[in-house]
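Based on the hints, put chain B in the right spot on chain A.
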Amino acid sequence: MIEVSNLSVSFGSGEARRQVVKGVSFVVGKGETLGIVGESGCGKSTVLRSLAGLDRHWEGEIRLAGNAVDRERSREQLKLAQMVFQDPYGSIHPRHRIERVLAEPARAMKIGDGWSRVAPSLEQVGLPANFAERFPHELSGGQRQRVAIARALMLEPEILLLDEPTSALDVSVQAEVLNLLSDLREERNLTYVLVSHDLSVIAHMCDRVLVMKDGAFVDELDKGALEQGQTHHPYSKQLFKASFL
Amino acid sequence: MSLVTSASAGSKPGILLARIGRSLKNALIKLSREPVGLFGFIVLLLLIIVAILAPLIAPYSPTTQNLPNALQAPSWEHWAGTDEYGRDILSRLIYGTRITIQTVLAVSVIVGPIGMLVGIVAGFVGGRTDAILMRFTDIVLSFPSLILALSFAAALGAGLETAIIAISLTGWPPIARLARAETLIVRNTDYVAAARLYGASPLRVLFLYIAPMCIPSVVVRLTLNMAGIILTAAALGFLGLGAQPPAPEWGAMISSGRQYMLDNWWVAVMPGIAILLTSLAFNLVGDALRDILDPRHARS
Numbered sequence: 002m003i004e005v006s007n008l009s010v011s012f013g014s015g016e017a018r019r020q021v022v023k024g025v026s027f028v029v030g031k032g033e034t035l036g037i038v039g040e041s042g043c044g045k046s047t048v049l050r051s052l053a054g055l056d057r058h059w060e061g062e063i064r065l066a067g068n069a070v071d072r073e074r075s076r077e078q079l080k081l082a083q084m085v086f087q088d089p090y091g092s093i094h095p096r097h098r099i100e101r102v103l104a105e106p107a108r109a110m111k112i113g114d115g116w117s118r119v120a121p122s123l124e125q126v127g128l129p130a131n132f133a134e135r136f137p138h139e140l141s142g143g144q145r146q147r148v149a150i151a152r153a154l155m156l157e158p159e160i161l162l163l164d165e166p167t168s169a170l171d172v173s174v175q176a177e178v179l180n181l182l183s184d185l186r187e188e189r190n191l192t193y194v195l196v197s198h199d200l201s202v203i204a205h206m207c208d209r210v211l212v213m214k215d216g217a218f219v220d221e222l223d224k225g226a227l228e229q230g231q232t233h234h235p236y237s238k239q240l241f242k243a244s245f246l
Numbered sequence: 002m003s004l005v006t007s008a009s010a011g012s013k014p015g016i017l018l019a020r021i022g023r024s025l026k027n028a029l030i031k032l033s034r035e036p037v038g039l040f041g042f043i044v045l046l047l048l049i050i051v052a053i054l055a056p057l058i059a060p061y062s063p064t065t066q067n068l069p070n071a072l073q074a075p076s077w078e079h080w081a082g083t084d085e086y087g088r089d090i091l092s093r094l095i096y097g098t099r100i101t102i103q104t105v106l107a108v109s110v111i112v113g114p115i116g117m118l119v120g121i122v123a124g125f126v127g128g129r130t131d132a133i134l135m136r137f138t139d140i141v142l143s144f145p146s147l148i149l150a151l152s153f154a155a156a157l158g159a160g161l162e163t164a165i166i167a168i169s170l171t172g173w174p175p176i177a178r179l180a181r182a183e184t185l186i187v188r189n190t191d192y193v194a195a196a197r198l199y200g201a202s203p204l205r206v207l208f209l210y211i212a213p214m215c216i217p218s219v220v221v222r223l224t225l226n227m228a229g230i231i232l233t234a235a236a237l238g239f240l241g242l243g244a245q246p247p248a249p250e251w252g253a254m255i256s257s258g259r260q261y262m263l264d265n266w267w268v269a270v271m272p273g274i275a276i277l278l279t280s281l282a283f284n285l286v287g288d289a290l291r292d293i294l295d296p297r298h299a300r301s
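Sequence lines, in order, name chains A and B.
Following this note's numbering, the numbering of the first sequence begins with 2 at its first residue and continues without gaps.
Following this note's numbering, the numbering of the second sequence begins with 2 at its first residue and continues without gaps.
These aren't lab readings, by the way, just hints derived from the structure by calculation.
Glycine residues also receive a C-beta, built at the ideal position from the N, C-alpha and C atoms.
Keep in mind that the hints are not guaranteed to be accurate.
[Unchecked claim] Reference excerpt, derived from the structure (chain A facing chain B, CB under 8 Å, subset only):
no., residue
1, 53
2, 79
3, 83
4, 88
5, 91
6, 92
7, 93
8, 105
9, 109
10, 110
11, 156
[Stated by the list, open to error] Which stretches of chain B does chain A cover? Using the computed rule of at least three CB atoms under 8 Å from a CB of chain A, they are:
no., stretch
12, 184–197
13, 203–213
Just chain A, same shape as in the assembly:
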């Protein structure tokens, strides 16, 4: 579903040029959930933003659903992958009612009027249909994140990119949102790339985990290794120790 080869991202130019992602390659199969863990600033979010098409500084090759995508995405390419952002308070326009938030993707893409699909999509993420009338500030963080997930699914992408989707939420709400994401994946056979620094979230969700440090992957763990806490690199060992104490 996703093939990335030799992806590098650098910001700045001349003396200030800094390479944030250093030639990483990975493959994600259809229906699989890939986790990327690492400390803040290791480049994991940058990888995700490059995949989504938000960052245009990348070099290398990204193939989504078999097609190589450009730095400047076309509408067809955008439809392949959508993203759920970390902060549900900042990712929804504060002056748009929920119905507009959910109708916008279809309207912006000029596929249908979008309004008719608002109620079913709210229902699908477990919110009552009358929430369509509300403004984002009348919703809790968890409810907003559900709206953000519903919005990301409006274009029916096959790939969902999750940038720490639960780190801004309470622990109890985190579990609800993660379960919702798992259910949606099964229903729609979605492919996820989940970025997080929370190993328990990763362990709950992912089939495979890449450990990232200083812009490169240092370790790869499958489901079994994750459960048993097996690691192949001192850094991932350190990471596991710190989180499972």
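Leaving out everything else, chain B in the frame of chain A:
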């Protein structure tokens, strides 16, 4: 489920009306908690009513001279006294609100959209466009507004229209700067990033995402500006470059009353009070609007 969707699709205007009613009600509730803002709104409302109904309210003609009756002190017959030509000052003030409101509205309608467009485009497009637009804004901003208005009025000939154009010319840069600052914040938010991801065109982002976030602060700024506009218009009138006599422009009235100030104070003081009250009301309303226009605002 289907019932809800068909209802919302079928009677969109009805829902829209109900929403407007509800937000109007909310605004009134918020306003009622702010007595000072309420006072400003009432004064403004009165001014507008007076401006519309001037011929019905004014007891005398604003321009007919009555020389035997010149320079009468305030009395029951002439509440604000009479000026050097025997014209009733109260009637002149009442007709003067028309000129004032006209000036303020015209300037705001010109200045608001222009300033906002320049600011939003500069902030959103960035790069060279931003540099060119903002340097141009800086140049206009560095002109003293009254002097520019003076030279403009001198070049085009004195009159109300010239005054309006001249004030507008120097009025938009602060709005542009404000809109640009707001745009810079908004364009880096996640909801704009999300909009890009679902293929929203730049124009769509500009008008549906960024502009709505800039409008409240621009409206507040415009309202606060109105006080300044009134004062500049009055200053131009005072210098004889605004509305021409016998039009009852408040600034011009102060100017002509200046000669009689020592013996007949009311000739200059009455229009002064009118200017003071009006600009005060605009300031109060601007302050109250800031609170009302923010849907998240709750007074602590």
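Now for the hints, and whether the structure bears them out:
no. : hint    : in the structure
1   : 53      : holds, 6 Å
2   : 79      : holds, 5 Å
3   : 83      : holds, 6 Å
4   : 88      : holds, 6 Å
5   : 91      : holds, 5 Å
6   : 92      : holds, 4 Å
7   : 93      : holds, 6 Å
8   : 105     : holds, 7 Å
9   : 109     : holds, 4 Å
10  : 110     : holds, 5 Å
11  : 156     : holds, 6 Å
12  : 184–197 : holds (count 7)
13  : 203–213 : holds (count 4)
In summary, this structure violates none of the numbered hints.
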